[in-house]
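Taken in order, these protein sequences are the chains called A and B.
My numbering puts the first residue of the first sequence at 51, with every later residue one more than the last.
My numbering puts the first residue of the second sequence at 40, with every later residue one more than the last.
It is worth saying that the hints were derived from the structure and are not from the lab.
For each residue, glycine too, the CB sits at the ideal point set by N, CA and C.
The calculated label-pair distances, taken between Cβ atoms and stated as ranges, are:
| no. | chain 1 | residue 1 | chain 2 | residue 2 | range |
| --- | --- | --- | --- | --- | --- |
| 1 | A | Leu92 | B | Ser103 | 29 to 39 Å |
| 2 | A | Leu74 | B | Ala289 | 39 to 49 Å |
| 3 | B | Arg273 | A | Ala298 | 51 to 61 Å |
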Amino acid sequence: MRVVRPFGALVTLALALALCFLTLPVVAIFAGAGPRELVASLGDPGALDALSLSLKATLAALAVIVVVGAPAAYVLATRSFRGRSAVITLVELPLVLPPAVAGIALLAALGPQGLLGGWLEDAGVRLVFETAGVIVALVFVAAPFFLSQAQAAFSAVDRTWLEASRTLGASEARTFLSVMVPSALPGLLSGLALAWGRALGEFGATLIFAGSLSGVTQTTPLAIYELFATDLTAALALSAVLVAISGALLLSVKLVGGRVAPGLLAR
Amino acid sequence: MRRGRSLLAGVCTLAALALAAAGCGRQGPAGSDEEPLTVSAAASLAEAFGRYDEGFEGGSPRFSFAGSDELAAQIRQGARPDVYAAANAKLPGALHREGLVERPVTFTTNALVLAVPADSEIGALSDLERRGADLVVGSPSVPVGSYTRAVLSRLGAQRAGRILARVRSQEPDVKGVVAKLVAGAADAGFVYRSDVVAAGGRLRALVLPERLRPQAAYAAAVVRGGDRPELARRFVAGLRSGRGARILRAAGFGPPPR
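Bound conformation, chain A alone (with noise of 0.2 Å):
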């Protein structure tokens, strides 16, 4: 013990340097927009739009990544196969690209001149100032978070389940869904909080790829950016908001986390 106390110090020190880097900002912004200012700004139109279409839109990005992104996991968690890790690389890729660089690449693919957008518009498909440009951005932007975390949480399920379930008859389609999906639950879960956390942020990529027009493409970060400039105060307001939903968001998937958790293990 005594030999280790300096250096629980300086780890202790750490910690409280990164605590207060990182809550202050967020401190700053709850003692910059009181009670009156919260509810002024949830009263106003314009940032309600916002809120109600950055909820519709993340919830909508978040159906198309669980529903593509947990099959796509599961492959890359159980399937050994020639080019597996370029594949992981791949679809990780998009968490170190810039919004900007990654709006820019939307508008370069599936933009009216990009590479698939003469084949979109035949389809009859149209995404840039569209809603749904926003969902593209928001699933191109946040897949990766939920991917990968989903990757190592089917990852980490003991085989001997899987091969318990399919020696005693059960498809791997029955096996997926009663036994991988339970058992990574709360991997699931996390990625799911990260890749919304994330969505909800979106920023660079909706305003390059969508644009920003009240009610069909401004998020409330675009919102909150327009702000900025005319009332710090509302701007304040509605981050303030922004953060209390989002912080809410990850605290319940950790209590959910948490509980679903230790069951499994008791199993």
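For chain A, the structure is supplied; the task is to place chain B on it using the hints.
Structure of chain B alone, referenced to chain A:
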């Protein structure tokens, strides 16, 4: 143990980075002459100021280009560039009344135009009212957005309403509008003549009728509290006459109003 050691390594790295950053801040001799001038300027000035910077006596200034409204909000929040150059006279005037900047100098003018991609079939404002043209404008708080709304209001409520119904995005600064046009995402956008010049042949400017044209005058001011007010004043003065003025004219800007 392994975890502890990597944590310690992390803390040490952080500390080293912090020290390095502090060292950078104090770089150079005690005199502040080595420190470049910092200039917060309207997005539409990016190309012209980029050229002005090359021969500026005090060394190349450091520029921050964004919507004039965002830059003013930053100054109100305590940011202290040496010079603030806006795409209108209103924002520097307001900062002057708040005691944040010295008296603004109107140094140039610009013309609001309707820009379309070079190969577009749109030939006039009235073409916007036909179905299917996607229009992009600046948000109401950025100067280009307020000039745009001034133009439209002079068309009368009915025509303005029809054109505004075509707006598909309100961009935070004029370069956002330009980008949407150059990328082929939008069919038309209200930008400045200088932006069309800067786009180098990819965009075409449709000149608006004289009676609709708003007076887009640009004003710059020395920000109070900087440590090099003399150099900042020379930067601003150089925009009105001499080399700065020549560069602005070549970039599509007009002379300051008499």
